[in-house]
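Starting from the known structure of chain U, fit chain E onto it as the hints suggest.
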Amino acid sequence: KNEVEQSPQNLTAQEGEFITINCSYSVGISALHWLQQHPGGGIVSLFMLSSGKKKHGRLIATINIQEKHSSLHITASHPRDSAVYICAVRGTSGSRLTFGEGTQLTVNP
Amino acid sequence: SQTIHQWPATLVQPVGSPLSLECTVEGTSNPNLYWYRQAAGRGLQLLFYSVGIGQISSEVPQNLSASRPQDRQFILSSKKLLLSDSGFYLCAWSADSLYNSPLHFGNGTRLTVT
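Going line by line, the protein sequences match chains U and E. Taking this note's numbering, I'd label the letters of the first sequence as residues 1 to 109. Taking this note's numbering, I'd label the letters of the second sequence as residues 1 to 114.
These are computed hints drawn from the structure, not numbers from a lab. This one's a predicted model, so the numbers in the text were calculated from it and none came from an experiment. Some clues are possibly wrong.
[As the list claims (entries may be wrong)] Computed from the model, here is a short list of chain E residues facing chain U with C-beta under 8 Å:
| no. | residue |
| --- | --- |
| 1 | W7 |
| 2 | L103 |
| 3 | R110 |
[Said to hold, decoys possible] Per the computed footprint, the stretches of chain U lying under chain E, defined by three or more beta-carbons under 8 Å from a beta-carbon of chain E, are:
| no. | segment |
| --- | --- |
| 4 | 37-45 |
| 5 | 97-108 |
[As the list claims (entries may be wrong)] In silico contact screen, one side only, chain E against chain U (beta carbon under 7 Å); selected entries:
| no. | residue |
| --- | --- |
| 6 | A39 |
| 7 | G43 |
| 8 | L44 |
| 9 | L46 |
| 10 | F88 |
| 11 | P102 |
| 12 | F105 |
| 13 | N107 |
Cβ atoms here follow ideal geometry from the backbone N, Cα and C, with glycine treated the same way.
Pulled out of the complex, with its shape left as it was, chain U reads as follows (with noise of 0.2 Å):
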């Protein structure tokens, strides 16, 4: 079982749809981050967060420190938005970060 796991793979949405993409981790954390990486392969760091919910612009991230999960929400999405989003998570201990196989996102116009 991988430390860091997403759900789903693969996600096809109509512009406009409200989009969850999951994140569950089996480890102690100290921090999680999600990612957006373009198609042409470029990577964003979207959110970096240890607790709560942090928002940025149609963008929210939440994560529940207890249940060891992270939830990464879309709203109104757009084809722009489209994207492989991944979830990391650094460890309590080191720099290390272990990585989620990503979540491709597709929006349909």
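For chain E alone, coordinates are given in the frame of chain U:
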């Protein structure tokens, strides 16, 4: 503002040839630096990280090596490439430990070993 430069963007190399990928960061000092590899359809794998000049930690034993000759320069090398070295290589930096600061990625190098 801080920027990260990684080159080349694409590279096709024959098996057995050497490799040198370079990454530089501007606008910050003493960053933590990372080399990741992403094989086709797979997640990111940490190859090396560095917390300072000359300090390199290797996560995965293989025929690759990394060096940090200057504070904001990180180089990934190989003396003899293997077919299995093909993949997408990403350099990244963070201001300090990944508990306190986000990760910033370069645009990546797509390496094909033929």
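Structure-based check of each hint:
1. Interface restraint check: W7/E against chain U, minimum CB-CB distance 14 Å, threshold 8 Å, status violated.
2. Interface hint status for L103/E: upheld, as the beta-carbon distance to the closest one in chain U is roughly 5 Å, under 8 Å.
3. Below 8 Å, beta-carbon pairs count as interface contacts, and R110/E has one with chain U at about 7 Å; its hint therefore holds.
4. As drawn, the segment 37-45 of chain U meets chain E at 6 residues by the rule of a beta-carbon pair under 8 Å; at three or more, the given contact holds.
5. Counting residues of the segment 97-108 of chain U whose beta carbon lies closer than 8 Å to any beta carbon of chain E gives 5, which meets the minimum of three for the stated coverage.
6. Evaluation of the A39/E hint against chain U yields a violated restraint, the C-beta minimum of about 11 Å exceeding 7 Å.
7. The restraint placing G43/E at the interface with chain U holds, with a minimum CB-CB distance near 4 Å, inside the 7 Å limit.
8. For L44/E, the suggested interface contact is upheld, since its CB lies about 4 Å from the closest CB of chain U, less than 7 Å.
9. Proximity of L46/E to chain U holds as hinted, the smallest CB-CB distance being about 6 Å (cut-off 7 Å).
10. At a threshold of 7 Å, the smallest CB-CB gap from F88/E to chain U is about 6 Å, leaving the interface hint in force.
11. Here the hint on P102/E is kept, as its CB sits about 4 Å from the closest CB of chain U, short of 7 Å.
12. At its closest, the beta carbon of F105/E sits 4 Å from a beta carbon of chain U; the interface hint therefore holds under the 7 Å criterion.
13. With 7 Å as the threshold, the beta carbon of N107/E comes within range of chain U, its nearest partner Cβ sitting at about 5 Å, so the hint holds.
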